[in-house]
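Residue numbers (the numbering used here), protein chains in the order written: chain A, 1 to 516; chain B, 517 to 836.
In case anyone wonders, no lab produced these hints; they're calculated from the structure.
Check the hints yourself; a few may be wrong.
[To be verified] Chain A is faced by these chain B residues, among others (derived, beta-carbon under 10 Å):
| no. | residue |
| --- | --- |
| 1 | 575 |
| 2 | 706 |
| 3 | 713 |
| 4 | 714 |
[To be verified] In silico negatives: residues of chain B with every beta carbon more than 10 Å from chain A:
| no. | residue |
| --- | --- |
| 5 | 530 |
| 6 | 555 |
| 7 | 621 |
| 8 | 626 |
| 9 | 632 |
| 10 | 652 |
| 11 | 680 |
| 12 | 681 |
| 13 | 715 |
| 14 | 723 |
| 15 | 822 |
The beta-carbon is built from N, C-alpha and C at its ideal position, and this holds for glycine as well.
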Amino acid sequence: MNTNQASACARALISARGLSKSFHGVRALEDVQFDLRPGEVHVLMGENGAGKSTMMKILTGIYQRDAGEILLDGTPVDFNSPRQAQAAGISIVHQELNLMNHLTAAQNIFIGREPRRGWLLDENKLNAQTAALFERIKLALDPRTVVGTLTVARQQMIEIAKALSHEARVLIMDEPTAALNREEVEDLFRVIRELREQGVGIVYISHKMDELARIADRVTVMRDGRHVATVTMGETSIDQLIAMMVGRELGQMTREPVPQTAGEVVLEVQGLARRGVLRDVSFQLRRGEILGFAGLMGAGRTEVARAVFGADPIDAGSIRVHGREMTIRSPEQAVAAGIGYLSEDRKHFGLATGLDVKDNILLASLARFRKPLGFVDEARGRQVAQELVQQLAIKTPGLEQLARFLSGGNQQKVVIAKWLLRDCDILFFDEPTRGIDVGAKAEIYKLLKALAAQGKAIVMISSELPEVLLLSHRVIVMCEGRITGELPGSAATQENIMQLATATTTTATAPLTAAA
Amino acid sequence: MALNPQTRQKLLAFASLIVLMVFFGLASPNFLQTENLVSILQATAVNGVLAIACTFVIISGGIDLSVGTMMTFCSVMAGVFLTYWGLPLPLGIAAAILFGALSGMVSGVLIAKLRIPPFITTLGMMMALKGLALVISGTKPIYFNDTEGFTAISQDSLIGTLVPAVPIPNAVLILFLVAALASVVLNRTVLGRYTFALGSNEEAVRLSGVNVTFWKIVVYTVSGAICGIAGLLIASRLNSAQPALGQGYELDAIAAVVIGGTSLSGGSGTVLGTIIGALIMSVLTNGLRILSVAQEWQTVLTGVIIILAVYADILRRGRG
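Please model the complete structure; the sequences and the hints are all you need to start from.
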């Protein structure tokens, strides 16, 4: 299945051999090889954390490799900065576009390289050069358009034009269609084909299976920081690719059926919609249940949680809590209804890192510890916080320890303690184990199971499929803002979840555009 | 939505200025007298120049609380050169601008190199420069009686001698010259381009290989030099460097910038808007005084206007 290495090497624009990279002792890449030929679209696939981004960041000089070599036109190269890679003709269009919204398209593209006439900028030349670039990708756009007024798709085209202005021969695109609607995807593919004709080598990182068949010449699959296979598109099938992507065994984490007390429905979401983000999301959550939400990054899982929690406005949909229709417009109302949300970004939204353990635990429930004149009942607060610290086995030298000094797992437990104290019986866990080491993960899993057994209703959003499979009684899969399927925990496998997570919408629905 | 938001805000500011002038014109026959209009312009000069200095910094995504006392420090330094040391006038002018640039550079280095937040850095600079001005002058005003032509910088009217019907004082002429120059720098030079770019998305500028640290320092240095010009204007008008003056001017300057439609979050703004903002503030003060509204109420109204202007900015960004 592997292509002939020798011939690939000879013709390769860029090739990497034996790339390895670790972060703080954790292997992100191990002995990876990759090569790109001129005039090909080489798709790079793999689950979140497979090492795709790390490899691309090494190729573009953002990270330095620990081992291995990179050959450009057969000559070893070493990039210490994105600047150097760019000068050598390697450009990247990140998923998160990095533009200056207040400036025009032309000003963005030539920032740092403005044509001048003496002391003054030569705006005419700037716009003419930009127009020429746009011509090359057949983009009908006035170079003087302010970038902030453009759609994400157009902004992406500007990034591509910027890459071309650096004489890019290698163009790396990280999930370029994530925020595009169907027509915009077509437009992007047209530009990609155009560039391929011109001999540019394109690395295309994507999860979307239907795109592969249409755009890929070759596909490289990565998994757990390793190279799995490189195949020619015509010689493989989507099923084979999926199998390669998820080939990992569940390892030592054994999956035991979580006993479920078939509780009553505590949360019912009907037709939840938010323009450009969520479409017709409906689900039920029962007492004592762990409901897994699977999907790729950007599928809309976090957005569902935030919408139910009242953190984001919704355009349509109804939410029933314990059978009662509720209008939830703010997190305050959600919390009052017994809904807690544990953000994927603990440091930003979940935890006041500058406060100590006790204050973090009491934060959402201070009203209960109020004494006359607004004083806080310190003694009772301490006692309750101490009980929770013991109950959840939070490892801290004391209640006065600042939350920022705790490990990731213990920080997460502090946030859980906060919501438990607030009497929340519906809990949304968004990537509960992100950035937590393996041992702490196991503890969080145990805790989630225990909470469910106590009758809490839990929604668990996770990008780690083994985790979803391990804990969920049911799995809901999302793709592009919609629920594409629901699987009972017993029937869910990595394969069928991945199928649903990459399923593209066949119905002619409103285009999904990301908020500007 | 045909107009871009920035143009809309500028039009809004301009319309407010016209409305205010019409209102005061109708309310009092004295308001639209040439003499009064000239005094409005004269009163705008110092605040206007300081506001232009602030415009640079605010567009770049920063803030400068030190422009007021920096201005005073510069006028004291002019006093040291001219009155204490008896040096010729051009050297005094150069000193004021140079020490302004230098102070600005210090802020810039602290902010860009040491990464101290602009608010804190310039708060510190505000106090340090105020103290320095008092120490150097021995807390006493320095008079320029011995320097011939010093008061002419602000008070004479070059235009008036050429066209007697328009007795616009030099201070106003200098304000417009600084404004024109600043406008060219912001819109037509690399420095201006980077000023907007930094305020719009500093990370993107850095990733484009631009030396962000250097250009940030340049922005604060230019702003400082403009404060030096303001220092000359105010010293010339008072015929003295008043070391106790200055604090509070920074807030007026920032207010003018904001009223003129420059976003405090950076990335957008115009010198013309800032000038209009400064004019709105002077017209308001002047008009209310003519209508015999108590000084205290003038201050209250200015506060309300600033809040309204920022609210307009929020509405604009919410939609944009």
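Evaluated hints:
no. : hint : result
1   : 575  : holds (9 Å)
2   : 706  : holds (6 Å)
3   : 713  : holds (5 Å)
4   : 714  : holds (9 Å)
5   : 530  : holds (21 Å)
6   : 555  : holds (36 Å)
7   : 621  : holds (20 Å)
8   : 626  : holds (24 Å)
9   : 632  : holds (19 Å)
10  : 652  : holds (35 Å)
11  : 680  : holds (36 Å)
12  : 681  : holds (35 Å)
13  : 715  : violated (7 Å)
14  : 723  : violated (6 Å)
15  : 822  : holds (23 Å)
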